[in-house]
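If you want the building blocks of each chain, they are given just below.
2 protein chains.
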Amino acid sequence: MKLNTLAATLIAVAGISLSSAALAQQDQFRALYAPIAPPKAVDLGKVELGKKLYFDPRLSKSGFISCNSCHNLSRGGSDNIPTSIGDKWQKGPINSPTVLNSSLNLAQFWDGRAADLKAQAGGPIANPGEMAFSHTLAIDMLASIPAYVREFKMVFGKDKIDIDQVTDAIAEFEKTLVTPNSRFDQWMLGKSEALTKDELAGYKLFNESGCVACHNGPNLGGNSFQKMGVVEAYKGNDGVAGRAAVTGKDADRFNFKVPTLRNVEMTYPYFHDGAANTLTEAVDTMGRLQLGKKFTQAENQQIVAFLKTLTGDQPMFTIPILPPSADSTPRPTPFK
Amino acid sequence: MKLNTLAATLIAVAGISLSSAALAQQDQFRALYAPIAPPKAVDLGKVELGKKLYFDPRLSKSGFISCNSCHNLSRGGSDNIPTSIGDKWQKGPINSPTVLNSSLNLAQFWDGRAADLKAQAGGPIANPGEMAFSHTLAIDMLASIPAYVREFKMVFGKDKIDIDQVTDAIAEFEKTLVTPNSRFDQWMLGKSEALTKDELAGYKLFNESGCVACHNGPNLGGNSFQKMGVVEAYKGNDGVAGRAAVTGKDADRFNFKVPTLRNVEMTYPYFHDGAANTLTEAVDTMGRLQLGKKFTQAENQQIVAFLKTLTGDQPMFTIPILPPSADSTPRPTPFK
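In the order they appear, the protein sequences are chains A and B.
Residue 11 in my numbering sits at position 11 of the first sequence, and the numbers go up by one each step.
Residue 62 in my numbering sits at position 62 of the second sequence, and the numbers go up by one each step.
Since the hints were derived computationally from the structure, they do not count as laboratory data.
Just to be clear, a hint being listed does not mean it is correct.
Identical copies carry no separate label here, and so any pair may be met within one copy or between two of them.
In silico lysine to any residue, SDA-like type, Cα no more than 20 Å apart, as pairs [stated by the list, open to error]:
id, residue 1, residue 2
1, 52, 250
2, 249, 210
3, 118, 237
4, 91, 331
5, 308, 281
6, 52, 206
7, 336, 89
8, 175, 42
9, 160, 135
10, 91, 35
11, 293, 139
12, 52, 168
13, 294, 128
14, 91, 336
15, 158, 201
16, 336, 193
17, 235, 210
18, 52, 317
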């Protein structure tokens with residue numbers, strides 16, 4: 001994939017840059033980032049159908065939880081609690097990552113176990129700790145609703161709805177959930193006054209301290225797996241496998257997909273366990289554990305100021321209106 | 001209030017009509033209804049602020065439940081489960097009524113204990129079985145978020161946020177949640193071909209069987225309290241007080257606010273206990289218990305066909321983007 005190649009190149013460049021004198025030149029760092037671009041080659045029929053599915057709580061056993069419950073598009077595509085609430089108020093094992101710009105990630109989930117958005121979308125529906133439904137039950141529900149049947153047929157041209165179509169449509173909608181036009185992007189695109197002196201100082205610190213080594217590319221992250229706790233162990237790693245759960249390799253223990261820093265002001269709390277409530281705390285922890293560096297209060301503030309310039313235009317769309325269930329539609333069972 | 005006067009007049013007219021020969025004339029019934037009108041004298045600043053609050057789960061203890069969770073504007077302003085899910089997955093005691101066109105009701109809640117939308121809006125926030133928060137905690141949360149502080153000041157012109165402003169803004173947003181332009185309204189406004197022959201037959205049955213006695217006015221309901229189980233007792237009344245909980249009068253036991261039939265195709269399941277899954281079932285039960293009438297299958301189908309013409313244009317707006325919490329904002333406690 002083109003994106004992965006780009007990411008690999010960026011990481012390689014970052015690795016070289018960090019050990020060379022050329023590091024200090026702003027132009028060198030600039031090449032490690034890219035502005036968010038609006039999505040190309042979008043299938044609008046799939047997007048509109050996928051938007052309905054994304055907001056439809058009937059994809060859960062209870063009829064209460066939708067994709068948007070934990071990846072709330074009013075809230076930076078996240079739920080802003082340490083770990084999510086699942087069926088019957090179960091406590092999730094890991095922080096809900098933002099759906100915004102997730103199409104730019106090299107893989108999905110913290111451990112990267114889904115190759116792409118389509119592979120991810122089916123997961124929570126059938127996870128007993130999340131939406132607690134099954135793919136079969138989800139299809140039975142959709143196939144009982146005439147308006148859904150017609151819309152799937154219009155979009156996919158087939159007589160039968162299947163889970164592949166469902167996840168395809170949700171993934172296509174998610175492709176549109178990008179956030180261009182952040183102040184950092186405006187600055188990259190030539191508006192030199194878009195960033196303040198403090199924010200630029202934060203950008204310089206972010207680069208020169210080494211944050212950029214992992215948080216680079218158009219998504220400032222999302223393009224590699226890295227160990228949580230490089231210089232110093234992270235105390236939130238207890239009972240956590242990370243990437244090792246996918247690869248089976250001991251070397252991948254505590255490795256996680258580097259989270260994007262896009263819209264990071266909106267996606268608190270931070271880390272895979274949601275243990276850091278504020279950006280100040282997250283920057284301090286990252287500096288110490290990943291870089292062996294204790295930022296001063298002034299440095300921390302400047303980096304946080306830079307991070308807040310990464311909030312882009314949030315996806316803007318009308319709320320979808322969901323077709324009502326038919327008499328024959330199986331009813332949700334929230335209390336069974 | 002003008003609306004109450006109108007409602008009283010309509011009920012009086014219905015009472016007379018039902019016992020007179022003039023009942024059979026369609027014009028006589030026509031006067032018992034009115035098309036939904038777009039809201040007048042709307043304060044747009046309050047509406048935009050109220051929309052944010054309506055979608056903000058931070059008004060709940062868990063940070064997970066918003067007004068829209070149980071009055072879902074993608075789903076006819078209801079949650080489509082028998083009784084709602086509250087904090088920690090508590091099972092609610094009563095079916096969540098639709099918020100759509102609720103400004104046209106003579107009072108709020110099934111027992112009418114809130115005089116208006118503003119009085120209603122504060123209830124669920126502080127109800128331990130619903131959002132499980134408190135008004136004080138809600139204000140502390142809002143007052144910690146600079147963007148909210150500015151917006152409240154812009155809208156209300158005061159330095160301090162209070163619960164009165166919060167409920168005022170939510171109620172103003174809810175005033176905009178009306179659904180004009182249903183096919184029934186188009187028919188009332190002169191498009192004679194807007195209803196099919198079957199739907200018109202259902203309308204005639206609805207009138208002549210006496211459904212109109214309670215379901216009249218612009219909201220086809222919502223303007224009186226009536227006993228659930230007039231001719232025959234309703235088995236879902238166990239442990240239910242109804243309007244008597246408000247008035248203290250034994251005569252008001254099992255009395256409930258007559259629900260609106262607007263958008264009724266979208267607001268299943270039906271009745272205060274959500275026991276009827278389909279319109280067919282609801283029409284059958286209402287006929288037997290309230291009117292002592294057993295509708296034939298053909299009659300039932302015609303009435304249901306008429307009821308489905310009451311679905312109007314659903315509220316159309318872009319999803320609100322909520323301002324992020326500040327470092328000092330108290331964090332939600334979903335699992336404590």
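A quick look at each hint next to the structure:
1. 52 <-> 250: neither (41 Å within a copy, 46 Å between copies)
2. 249 <-> 210: Classified as neither; 26 Å inside a copy, 73 Å across copies.
3. 118 <-> 237: neither (28 Å within a copy, 47 Å between copies)
4. 91 <-> 331: between (25 Å within a copy, 16 Å between copies)
5. 308 <-> 281: within (14 Å within a copy, 55 Å between copies)
6. 52 <-> 206: neither (39 Å within a copy, 34 Å between copies)
7. 336 <-> 89: Classified as both; 13 Å inside a copy, 12 Å across copies.
8. 175 <-> 42: Within one copy only: 8 Å inside a chain, 36 Å across chains, cut-off 20 Å.
9. 160 <-> 135: Answer is within; shortest intra-copy Cα gap is 14 Å, inter-copy 50 Å.
10. 91 <-> 35: neither (36 Å within a copy, 47 Å between copies)
11. 293 <-> 139: neither (52 Å within a copy, 39 Å between copies)
12. 52 <-> 168: within (13 Å within a copy, 31 Å between copies)
13. 294 <-> 128: neither (41 Å within a copy, 44 Å between copies)
14. 91 <-> 336: both (18 Å within a copy, 11 Å between copies)
15. 158 <-> 201: So residue 158 and residue 201 fail the 20 Å test inside a copy (56 Å) and across (37 Å) alike.
16. 336 <-> 193: neither (58 Å within a copy, 46 Å between copies)
17. 235 <-> 210: This pair counts as neither: shortest intra-copy Cα distance 22 Å, inter-copy 69 Å.
18. 52 <-> 317: both (12 Å within a copy, 15 Å between copies)
Hint compliance for this structure: hints 1, 2, 3, 6, 10, 11, 13, 15, 16, 17 are not met, and every other hint is.
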